[in-house]
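Trainee: Here is what each chain is made of, one letter per residue.
There are 2 protein chains.
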Amino acid sequence: MSNEKQFVKEITPQGEDFSRWYLDVIKKADLMSYSPVRGCIVFKPDSYEIWENIQRELDFKFKETGHRNAYFPLFIPESFFEKEKNHIEGFNPELPWVTEAGGEKLEERLAIRPTSETMIGHMYAEWINSYRDLPLLINQWANVVRWEKRTQPFLRTSEFLWQEGHTAHEDEQDARRETMQMLEIYREFAEDFLAIPVILGQKTPSEKFAGAVDTFSIEAMMKDGKAVQAGTSHYLGTNFAVAFDIKYLDRENQHQFAHTTSWGVSTRLIGALIMVHGDDRGLVIPPKVAPTQAIMIPIGPPKSRDQVISRVNELYAELKKAGVRVKVDDRADQSPGWKFNEYEMRGVPIRLELGPRDMENGQIVLVSRVSGEKKIVAQSDLVQEVENLLAEIHQQMYDKAKQFRDDNYISVDSLDEFKAFLETKRGFALAGWCGSDACEAQVKEETGATSRNIPFTPSVQKQVCLVCGETSAHTVVFGRSY
Amino acid sequence: MSNEKQFVKEITPQGEDFSRWYLDVIKKADLMSYSPVRGCIVFKPDSYEIWENIQRELDFKFKETGHRNAYFPLFIPESFFEKEKNHIEGFNPELPWVTEAGGEKLEERLAIRPTSETMIGHMYAEWINSYRDLPLLINQWANVVRWEKRTQPFLRTSEFLWQEGHTAHEDEQDARRETMQMLEIYREFAEDFLAIPVILGQKTPSEKFAGAVDTFSIEAMMKDGKAVQAGTSHYLGTNFAVAFDIKYLDRENQHQFAHTTSWGVSTRLIGALIMVHGDDRGLVIPPKVAPTQAIMIPIGPPKSRDQVISRVNELYAELKKAGVRVKVDDRADQSPGWKFNEYEMRGVPIRLELGPRDMENGQIVLVSRVSGEKKIVAQSDLVQEVENLLAEIHQQMYDKAKQFRDDNYISVDSLDEFKAFLETKRGFALAGWCGSDACEAQVKEETGATSRNIPFTPSVQKQVCLVCGETSAHTVVFGRSY
Numbered sequence: 054m055s056n057e058k059q060f061v062k063e064i065t066p067q068g069e070d071f072s073r074w075y076l077d078v079i080k081k082a083d084l085m086s087y088s089p090v091r092g093c094i095v096f097k098p099d100s101y102e103i104w105e106n107i108q109r110e111l112d113f114k115f116k117e118t119g120h121r122n123a124y125f126p127l128f129i130p131e132s133f134f135e136k137e138k139n140h141i142e143g144f145n146p147e148l149p150w151v152t153e154a155g156g157e158k159l160e161e162r163l164a165i166r167p168t169s170e171t172m173i174g175h176m177y178a179e180w181i182n183s184y185r186d187l188p189l190l191i192n193q194w195a196n197v198v199r200w201e202k203r204t205q206p207f208l209r210t211s212e213f214l215w216q217e218g219h220t221a222h223e224d225e226q227d228a229r230r231e232t233m234q235m236l237e238i239y240r241e242f243a244e245d246f247l248a249i250p251v252i253l254g255q256k257t258p259s260e261k262f263a264g265a266v267d268t269f270s271i272e273a274m275m276k277d278g279k280a281v282q283a284g285t286s287h288y289l290g291t292n293f294a295v296a297f298d299i300k301y302l303d304r305e306n307q308h309q310f311a312h313t314t315s316w317g318v319s320t321r322l323i324g325a326l327i328m329v330h331g332d333d334r335g336l337v338i339p340p341k342v343a344p345t346q347a348i349m350i351p352i353g354p355p356k357s358r359d360q361v362i363s364r365v366n367e368l369y370a371e372l373k374k375a376g377v378r379v380k381v382d383d384r385a386d387q388s389p390g391w392k393f394n395e396y397e398m399r400g401v402p403i404r405l406e407l408g409p410r411d412m413e414n415g416q417i418v419l420v421s422r423v424s425g426e427k428k429i430v431a432q433s434d435l436v437q438e439v440e441n442l443l444a445e446i447h448q449q450m451y452d453k454a455k456q457f458r459d460d461n462y463i464s465v466d467s468l469d470e471f472k473a474f475l476e477t478k479r480g481f482a483l484a485g486w487c488g489s490d491a492c493e494a495q496v497k498e499e500t501g502a503t504s505r506n507i508p509f510t511p512s513v514q515k516q517v518c519l520v521c522g523e524t525s526a527h528t529v530v531f532g533r534s535y
Numbered sequence: 054m055s056n057e058k059q060f061v062k063e064i065t066p067q068g069e070d071f072s073r074w075y076l077d078v079i080k081k082a083d084l085m086s087y088s089p090v091r092g093c094i095v096f097k098p099d100s101y102e103i104w105e106n107i108q109r110e111l112d113f114k115f116k117e118t119g120h121r122n123a124y125f126p127l128f129i130p131e132s133f134f135e136k137e138k139n140h141i142e143g144f145n146p147e148l149p150w151v152t153e154a155g156g157e158k159l160e161e162r163l164a165i166r167p168t169s170e171t172m173i174g175h176m177y178a179e180w181i182n183s184y185r186d187l188p189l190l191i192n193q194w195a196n197v198v199r200w201e202k203r204t205q206p207f208l209r210t211s212e213f214l215w216q217e218g219h220t221a222h223e224d225e226q227d228a229r230r231e232t233m234q235m236l237e238i239y240r241e242f243a244e245d246f247l248a249i250p251v252i253l254g255q256k257t258p259s260e261k262f263a264g265a266v267d268t269f270s271i272e273a274m275m276k277d278g279k280a281v282q283a284g285t286s287h288y289l290g291t292n293f294a295v296a297f298d299i300k301y302l303d304r305e306n307q308h309q310f311a312h313t314t315s316w317g318v319s320t321r322l323i324g325a326l327i328m329v330h331g332d333d334r335g336l337v338i339p340p341k342v343a344p345t346q347a348i349m350i351p352i353g354p355p356k357s358r359d360q361v362i363s364r365v366n367e368l369y370a371e372l373k374k375a376g377v378r379v380k381v382d383d384r385a386d387q388s389p390g391w392k393f394n395e396y397e398m399r400g401v402p403i404r405l406e407l408g409p410r411d412m413e414n415g416q417i418v419l420v421s422r423v424s425g426e427k428k429i430v431a432q433s434d435l436v437q438e439v440e441n442l443l444a445e446i447h448q449q450m451y452d453k454a455k456q457f458r459d460d461n462y463i464s465v466d467s468l469d470e471f472k473a474f475l476e477t478k479r480g481f482a483l484a485g486w487c488g489s490d491a492c493e494a495q496v497k498e499e500t501g502a503t504s505r506n507i508p509f510t511p512s513v514q515k516q517v518c519l520v521c522g523e524t525s526a527h528t529v530v531f532g533r534s535y
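Line by line, the protein sequences are chains A and B.
Numbering of the first sequence is given in the working numbering, commencing with residue 54 and proceeding in unit increments.
Numbering of the second sequence is given in the working numbering, commencing with residue 54 and proceeding in unit increments.
Just so you know, not all the hints are guaranteed correct.
Taking lysine-lysine and the DSBU-like style, the derived pairs with C-alpha atoms no more than 35 Å apart in a straight line are [claimed, not checked]: (1) B:Lys81 - A:Lys300; (2) A:Lys136 - B:Lys158; (3) B:Lys380 - A:Lys341; (4) A:Lys80 - B:Lys300; (5) B:Lys114 - A:Lys80; (6) A:Lys116 - B:Lys356; (7) B:Lys380 - A:Lys300; (8) B:Lys114 - A:Lys380; (9) A:Lys380 - A:Lys428; (10) A:Lys497 - B:Lys158; (11) A:Lys116 - B:Lys80; (12) B:Lys62 - B:Lys341.
I should point out that these hints are in silico values taken from the structure, not numbers from a laboratory.
Looking at chain A on its own, in the form it has when it is part of the complex (with noise of 0.2 Å):
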C-alpha cells in the first residue's frame, strides 16, 4: 500500500457513504495502517491507547471481582478442537495452522488459538481436583486468529486483541452467576466508560457460541443502523468439562464435572466506539478513553506568543498533576485554525484555548467537541471546570448516542412492516419469534438482518412471530451486522 493511498484527504460525509466515512477518519486520524498480511491491520499509538485505556479499566473490574490473569499458549493441537464437536464445526473453517517448525513437519497439526477453551481445559483438568479449588476465574490477555473472509478495520480483522476470561464453579447455579456478573461488568463498563448504550439479552442457538450452553451479549447500534456485539458471556454446562476431563471431587466426596463459563470483549470496541460517536468532522473519543482528554492551544500574534506560552504550561501542568490527560500543542508552524480542526478531527474531547486578553482576563476558553459549545471561565476554576466538562460530554455523548438508537429502533409485528422500515431507514427491529431456525433464516435471506439477542427487558413483549404469524415464544432484535 503506498502512502498515497492511505493518505486521506478530505472525511467522506456519514450520509453519502458511511463504510468510506469510517475508513477515512481511521486513517486520517492515524489510528491504523493496512498490514502486508491479508486481514491483518497495524493498531498505530493513537488506537493502541484507547485499547490500553480499556484494559486498564476492564483489569480493575476483573480483578475487583476475583479473577487473575494468566497465559496460556497461542499454539493448539488438532486433537483438542476434536474433543467438543459444536467447537470444532464453529471455529474449523476460520484456523490458520502452524504445520512445519524448526526446519521440521510437525507430527501433529497446530492451529493458531481462536479462543482458548480447549487449551485452558486441558489445563483445568489438571489443576482442579477438588471443590477446594472451585471457583477458578482466569482471564488472560491476548491475540487471537480467525482468517476471516471478510474484514473490516477494528471491527473483524484476522488477529484481534482481547481478553478472555474462563472460569470453572461446582455448579450450574454460580456459573450462571457467574455468566450474569460479567454480562453486567461489560454493560457497565460500555455505557459508563464508553458511553455506548447497550441492549443485553441472550443469543438465539443459531447465533451463540460453538459449544456453549447459553450466550448473552450486548448488542450496541452503530450510527448507520448496524449492530455490533460489543462482548460476549457464556454459560457452557459441562460441555468443555466433559470433552477434557474437568472433574472435582465435591463436599460429600463424589467425582462431578465442572460448569464453566467464558466471556469476551477486543479490539473491535475501538471501531464501536467510532461508529456510534463519530460526526462529519470526525472522530469524537469518549472522555474517559481518550489518549488525549484536552488539547491546550496557545494563540494570539507572535510578540504575546512566549508569555501565553509559559502560561499555558503552567495550567497544563496542574491539569496533568490533577489526572487529566492533556497535551499542548504550541507549534510555531501551524495555524491555530488548522489546529482547531485537527484535533476536531481526532476527536479530543475538549479544547482550551489561551490568548493575550484572556491572560488579562485570568480567563481561559473551553471548547467542547460534542456540542461547539465554548465557556470562557476563570484559570483559577480550570481543573474543576475541565473536570466537570469532561463529565457533561460523556454524559451528552451516551444520551446521544441512545436518542439515536431509539429513533432507529422500530416494533415491528410482520416481516414485510419491517422490510418498509428498512426501505427508508436503518436501524433495528423488536419483534415476536417462534423460536424455529426456518423462520429467523427467511429474516436473515429477506432483510440481510439476524437476530441480535433475545433482550432481557424488551419495550414490549410481542405476540406472534413476525414470519409465520404464530405464537411468539421469545421477542427478539433484529439488525444487520458487520
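Please build the complex by placing chain B on the supplied structure of chain A, with the hints as guidance.
Mentor: Chain B only, in chain A's frame:
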C-alpha cells in the same frame, strides 16, 4: 502430564542439583504448568502477576522517555525475512510456519514472529517521509515464538512474552544515544526493581543480534554461576532501513536512510529473578515485583481467634490503603507453622504475625524472608515499618546477589586458569581476547563458556588473549549460559 508428576513434595537442595531445585520450586510455588505444546508453558497467576508488575514499571519508564505502544501483526510473510540476509540466517532455523489457513493452502508461507524488525521495518518505510517524522519511538508488548531445541521454563520457552522497542532516527548519533538510553533503563530496572546486579557491555560479533551493527546487553549471574542475558539493546545502523527502504527527506531536502534501533526484555526475567534470589526454602521474590509483599497470619488459641482476626483485618486495611500489596491468611484448617513454611516457600518478602499477646501490647511481629530476623513493632508504626523493611529487603537482596557474583567472578590470563577455576567453582571469568572468532570458539569448546559481553567498565583491562596469548583487543566476560 499427570497431576502427580507436577506435584513436588520436597524441594531438592540447590547444592545437590540446581536445575532440579529450579524445576521443583517453580512447580511447588505454583508459578507454571507444562503445556501440551512442545516447549510452551502456562504462566499461572503467580508468575503472570510478576510479569504484570514488570510491565507496569517498564511501561512507565518507556513512556517517560517519549515512547508509545503500538501493535503489529503476529504473522510475517516469508519474503520479508529474505530482505535482510543476516537476519534470516539467524532466525530461519527457529521459525514456525503457517502454511494453511481458512481451509486453503497459502500462496506464501507466514512465519510466526520471532521478533518484529522486518514487519516494523516495512511499516516504518510507509510512515516515515521527512525528518519531521523522526525520531519515531515505538514499543510493542507481544508474544513471540522461537522453536528452540532445548527449553527451560521461563528462561527459554518456544513461545514467550516480551516487549520490543523499535525506533528510527535521523542519524547514527541519535540512534546510538537511544540504544544506550534503553540499555541504561534496563540496568536501572534490573538493579533497582529486581535487585539483580548486571554487567553492561557490548556483545562480540559472533554473539550479536542477527542483523545488528552492535548489540549491547545486561548480563546477570544465577546462583549456579551461569549467565542469563537479561536484556539487549541493538544499534541496527541502516541495515533494516536499506532492506525495507526506510528513507526520509532530511533538512537539506536530501533522501537519507534512517538509523534504527531495537531493544527488548522478556519473561525470561522471571526465571532470572528466581535463580538469582531463591534458596533451599524456596522462592525469594524482590519486594518491588512481588505479587504479595506481606502476608498476615493470625496466631493463638481458638478462643482469641475472632478478636485477633478482627484486628488483623484493621491493620490489613491500613497497609492496603498505603499501597502495600498485602494478604491475610486466616484459614482455620491450616496451622500457623504450615503457613509460615508455605509463604517462605512462595517467597513473600514479609510475614506479619499477630497473636493475643501482641494484641495486649499493641504490637505486631515482622519477619523478613531474607534475613529471617523477627522484629516487634508498635501497631501504630506498622505502615512505616513495613515500608522500611521492604526497602531494606530489596537492598539486602541486591547486596547478597552482588556479593555472590563478585565471589564467583574471576580474572584470568589463560584458558588453563579458567578451566582450573571451573573445576572447583562456577562463575564468570574476565579475560583478554584478541578479537578472533577462532579463539572465542576455542573457549567455548574447552569450557562450555561463551563470551557474555565486553563490559563497559571491567575491574581491570586485560592485556593478552586468554587463548593465543597475543595482545588483547577487548576485555571480555566469559560464562556458561542456559
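Trainee: With reference to the structure, classify each hint as holding or not holding.
Mentor: Hints and how they fare:
no. : hint                : result
1   : B:Lys81 - A:Lys300  : holds (22 Å)
2   : A:Lys136 - B:Lys158 : holds (25 Å)
3   : B:Lys380 - A:Lys341 : holds (31 Å)
4   : A:Lys80 - B:Lys300  : holds (21 Å)
5   : B:Lys114 - A:Lys80  : holds (29 Å)
6   : A:Lys116 - B:Lys356 : holds (34 Å)
7   : B:Lys380 - A:Lys300 : holds (29 Å)
8   : B:Lys114 - A:Lys380 : holds (19 Å)
9   : A:Lys380 - A:Lys428 : holds (19 Å)
10  : A:Lys497 - B:Lys158 : holds (31 Å)
11  : A:Lys116 - B:Lys80  : holds (24 Å)
12  : B:Lys62 - B:Lys341  : holds (29 Å)
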